[in-house]
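Chains A and B are the protein sequences, given in the same order.
Sequence positions in the first sequence follow our numbering and run 776 to 943.
Sequence positions in the second sequence follow our numbering and run 776 to 943.
Hint data in this document are derived by calculation from the structure and do not stem from the laboratory.
Predicted model, so just to flag it, every value in this text is computed and none were measured.
Please note that a few of the clues may not be correct.
Unchecked claim - Calculated lysine-lysine pairs in the DSS-like style (CA-CA distance at most 25 Å, straight line): (1) B:Lys806 to B:Lys909; (2) A:Lys806 to B:Lys788; (3) A:Lys788 to B:Lys805; (4) A:Lys793 to B:Lys938; (5) A:Lys938 to A:Lys909; (6) B:Lys938 to A:Lys788; (7) B:Lys805 to B:Lys882; (8) A:Lys919 to A:Lys909; (9) B:Lys882 to B:Lys909; (10) B:Lys806 to A:Lys805; (11) B:Lys938 to A:Lys882; (12) B:Lys909 to B:Lys919; (13) B:Lys919 to A:Lys882; (14) A:Lys806 to A:Lys919; (15) A:Lys909 to A:Lys788; (16) B:Lys806 to B:Lys882; (17) B:Lys919 to B:Lys938; (18) A:Lys909 to A:Lys806; (19) A:Lys938 to B:Lys793; (20) B:Lys788 to B:Lys909; (21) A:Lys806 to B:Lys882; (22) A:Lys788 to B:Lys909; (23) A:Lys805 to A:Lys793; (24) B:Lys882 to A:Lys919; (25) B:Lys805 to B:Lys938; (26) A:Lys805 to A:Lys938; (27) A:Lys788 to B:Lys919; (28) B:Lys938 to A:Lys938; (29) A:Lys919 to A:Lys805; (30) A:Lys909 to B:Lys788.
What follows is the residue order along each chain.
Number of protein chains: 2
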Amino acid sequence: MSSVVQNLVDSNKDYAEKFTQGSLALPPAKKYAVVTCMDARIDPISAFGISLGDAHVIRNAGGNARDALRSLIISQQLLGTQEVVLVKHTGCGMLTFQNADAHGAVKQNLGDAAAEEIGTLDFLPFGDVEQAVKDDVAWLQASKAIPDSVRLSGWVYEVETGKVRSVV
Amino acid sequence: MSSVVQNLVDSNKDYAEKFTQGSLALPPAKKYAVVTCMDARIDPISAFGISLGDAHVIRNAGGNARDALRSLIISQQLLGTQEVVLVKHTGCGMLTFQNADAHGAVKQNLGDAAAEEIGTLDFLPFGDVEQAVKDDVAWLQASKAIPDSVRLSGWVYEVETGKVRSVV
Numbered sequence: 776m777s778s779v780v781q782n783l784v785d786s787n788k789d790y791a792e793k794f795t796q797g798s799l800a801l802p803p804a805k806k807y808a809v810v811t812c813m814d815a816r817i818d819p820i821s822a823f824g825i826s827l828g829d830a831h832v833i834r835n836a837g838g839n840a841r842d843a844l845r846s847l848i849i850s851q852q853l854l855g856t857q858e859v860v861l862v863k864h865t866g867c868g869m870l871t872f873q874n875a876d877a878h879g880a881v882k883q884n885l886g887d888a889a890a891e892e893i894g895t896l897d898f899l900p901f902g903d904v905e906q907a908v909k910d911d912v913a914w915l916q917a918s919k920a921i922p923d924s925v926r927l928s929g930w931v932y933e934v935e936t937g938k939v940r941s942v943v
Numbered sequence: 776m777s778s779v780v781q782n783l784v785d786s787n788k789d790y791a792e793k794f795t796q797g798s799l800a801l802p803p804a805k806k807y808a809v810v811t812c813m814d815a816r817i818d819p820i821s822a823f824g825i826s827l828g829d830a831h832v833i834r835n836a837g838g839n840a841r842d843a844l845r846s847l848i849i850s851q852q853l854l855g856t857q858e859v860v861l862v863k864h865t866g867c868g869m870l871t872f873q874n875a876d877a878h879g880a881v882k883q884n885l886g887d888a889a890a891e892e893i894g895t896l897d898f899l900p901f902g903d904v905e906q907a908v909k910d911d912v913a914w915l916q917a918s919k920a921i922p923d924s925v926r927l928s929g930w931v932y933e934v935e936t937g938k939v940r941s942v943v
């Protein structure tokens, strides 16, 4: 058993012993979805004030809206959410490389077969975090799969201070 | 300002006032990534014992491995993670519909243009949660973009009890 798995088993035992919220409904009680980055320095539940059962939390590299579209459609069309809060963050890894770097790493570390498997995959890096928030919100606004009735807002979380600031 | 945004602003003010972890490194300290569902009833940080800065957390509808591939490649090739913990859960929304239902909802609620925009998008529903965990871990094992050196494990989280159980 790896130390990661040992920690999961031990920590979860403590969590389950104190767990009292086993009767929450499937649809998010506050009818919203958060899209944010997978970054290890973000705890969306605590930093963004999400109570258990209140909101879907979608996380991927960069907090990318396009990458989240499948999940957002399910969230809205099948589970009733009506608002999307998109949060990118300072110091994001996606600011530090370009597509060619990621494809180069795959080819060098994993070989030609891996490079062929991922083809022209867009890793969706970006050059400016505030602009990327604006671009993603604009993309959601323009998407016909996200109805105009869905409220959208875009934010930057500062990993240095724990603060969110409004962008759009 | 929506009540969702008001809650975000108010809660984050409290969080930032007590925030002391502004100097964490970008790469996850414990070199692992968790893939789990966006479900509102899951708090991965608390339930799976993740300390801030320790692990990437990727969340999407169903905790789907294929949907997470872009993020996992970045996590491993550019940010040094070496282990993936995949956690699906009881009572998942993905057990309750089929692709035709999601496509039907989009067409009925959003119209032909929206249906055309998403084309043949696979919403990735599944029929049995334990089998889906096994299938996703097998898919990661088979993927050339995930090197054999990456440790993989698959779990089911019980939203009724707060417990995780090992599947594979």
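Which earlier hints turn out false for this structure, listed by number in ascending order? 7, 9, 10, 11, 15, 16, 17, 20, 27, 28
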